[in-house]
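Fit chain B to the given chain A structure using the hints.
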Amino acid sequence: MRIIRFRALKTFLITSKNLRRSLIAINIGIFLAIFAASSAVISLFVENELTDYEFSNLELRSTYNDFNEYASLMPAIKSSFDRLEMTANTVSNYNDILAETNQGNLIIDERERYFYRFYSMFYLLDEFFTKDLSFKTGFEIDVNEFYNSIDDLNQNLIDRFNKAEIDYDKYKEQYMEIKKNLAPYDQFKIVDPKNFFKDQQSKEYVKLMKKYETFSKHMDDNIYFIKDYAQLIEILMIDMKNFLDQILINNTNEIKKLSNLESKLIFFAFVLQLFIFLITQFFEISAVNREEKDKKQIRGQQ
Amino acid sequence: MRRGKLNQKAILYIVFAAIFTLLSYFLDQQVIQKEDTIRDREAETERIFRKIGNESGNYNGLAFFNDRVLHLSNHFNYFSTINYKILLQIENNEKVKNSFNPKSIYNFKYQMFSDFISLRESLQGLHYQISLMPVFYTGYENKEIKSKINNLYKFEDKFFEENKERLFNVLFEDQGNIYDKLNNFTKDDWKNIYKETILLNKTLFSYYNSAEEILDYIEKKKEKLELDLEKSIEIHKRQKILKNYFILSSILFQILGLLAFLFLFKSFIKGKPMKVKI
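Just so you know, the sequences run in chain order A and B. Going by the working numbering, 159 is the number at position 159 of the first sequence; the sequence numbering is gapless. Going by the working numbering, 142 is the number at position 142 of the second sequence; the sequence numbering is gapless.
These aren't lab readings, by the way, just hints derived from the structure by calculation. Honestly, I wouldn't trust all of these hints.
[What the hints assert, rightly or not] Under the rule of at most 25 Å between Cα atoms (straight-line distance), these lysine-lysine pairs were calculated in the PhoX-like manner:
1) 189(A) with 202(B)
2) 136(A) with 222(B)
3) 202(B) with 34(B)
4) 237(B) with 241(A)
5) 136(A) with 221(B)
6) 148(B) with 295(A)
Next up, chain A with everything else stripped away, as it sits in the complex (with noise of 0.2 Å):
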């Protein structure tokens, strides 16, 4: 079964009256067609390209998020950090006033001074040196690198990460060190009430507490540093923040940008396609006018 009758088409088409008006039709879809296939070549290219800035928007909102959920957990461990000081300064303080008293020195002595403020501090901070916190390994950040990318250069933060960074290495090796020679005493030992007083006197005692007061010292240093580390971290999560918002502000402008260009190449190539139709087309109408004079004028003359 034949679904188009070609001849029946043929006929049609090449009849004398239709001739020109089919040869314009045929020639105008032509245009339209190959106009058509440019639009969808542009196209084609243009929207793998979104694509890849709109899949790059939404890789950069997972690591925005991330940096967001760091940035807001800063203040949070900040505040942890203030209300130990805050509980270890009034106990000291209250260790202090029950030191004064008649016989105070027999309450008060290196344990209550220095065993249990080591270990309050000694657990908040194991998180920030056992893992890995340093901007260039822990967070594969390259503070100098970041910064100088950015437009507001501030040399005197870029100054305070390069410090904090070897710092940071310098108060890591000492907790680990620490935390290395913390056995065999444990904070939660029951002393026996027989030996309480008598423990205290020996001089393995005195050692040991001697031990916790360099320790707990070192705990109040590294307090002091990972205060203001934590305020960097937030600081550069807040940097960072901004500058993938810049970035995906960037990739959403892209995208606009780019549909414009789409709809601009498309009627660029329209327009340069319609002046080469208008021109073929002269052309070719011309050639069939002239054909056709021939034609009649050769059957004049017969």
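Frame of chain A, contents of chain B only:
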């Protein structure tokens, strides 16, 4: 019956039109199939995003909760020995005893007593509060972690239960009677309260470590999900680009098919007359 015979050029145009149309149909089908896989991928990406959000919420919630536990444990630790040391000195050393009046001695006793009670209540409260947190209901597939979450802040209340009538009911029955009651506690009672408070605090601190392990597990899970998300986005992106290719290639082939027909018609007009077989 008369049949039109087409010239070679016309047949070629028809063949082209047919091939392009078939290709266009084929690509249309590919678009429909890709649409399904993209929808699935979108749902998968969204699911991972949501899961990361949930895990972040669980992590932050438990981390802050654990921070509170550490502060609580530190607080009880600070006062774990001092009050008992004072009581022992008061008992054994007349000079120390004379340094404090009866009211302040009562205060040291009351602090020891109330530290034990509030540590116990803190553990009960923490267990209740954790049972309301989303991390409790997340249903992790790791059985060890699941059991750790379910058992967080549970403790053996043996000492309290055994001495409830004799030592602790005073708190619930007659507040005004506490002063006399505490003064009637024996040396062994204070020794036991001292020991039990430290043991309870040790239990509380052990849960700090358990929660840290749970946090490590959640963090690893989150990292894995982030990698899955990265992969999912990459696959989604490739599928979407492929779909773009399919759609636009299908359009292109439709146009080319149409062009082939137009050129065929043009060849009818401009070409040599077709031979017609009669």
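Hint check results:
1. 189(A) with 202(B): holds, 9 Å
2. 136(A) with 222(B): holds, 22 Å
3. 202(B) with 34(B): violated, 58 Å
4. 237(B) with 241(A): Cα-Cα ~24 Å, so holds.
5. 136(A) with 221(B): Within the cut-off at roughly 24 Å; holds.
6. 148(B) with 295(A): Not satisfied, since the Cα-Cα distance of roughly 100 Å exceeds 25 Å.
Hint compliance for this structure: hints 3 and 6 are broken, all remaining hints hold.
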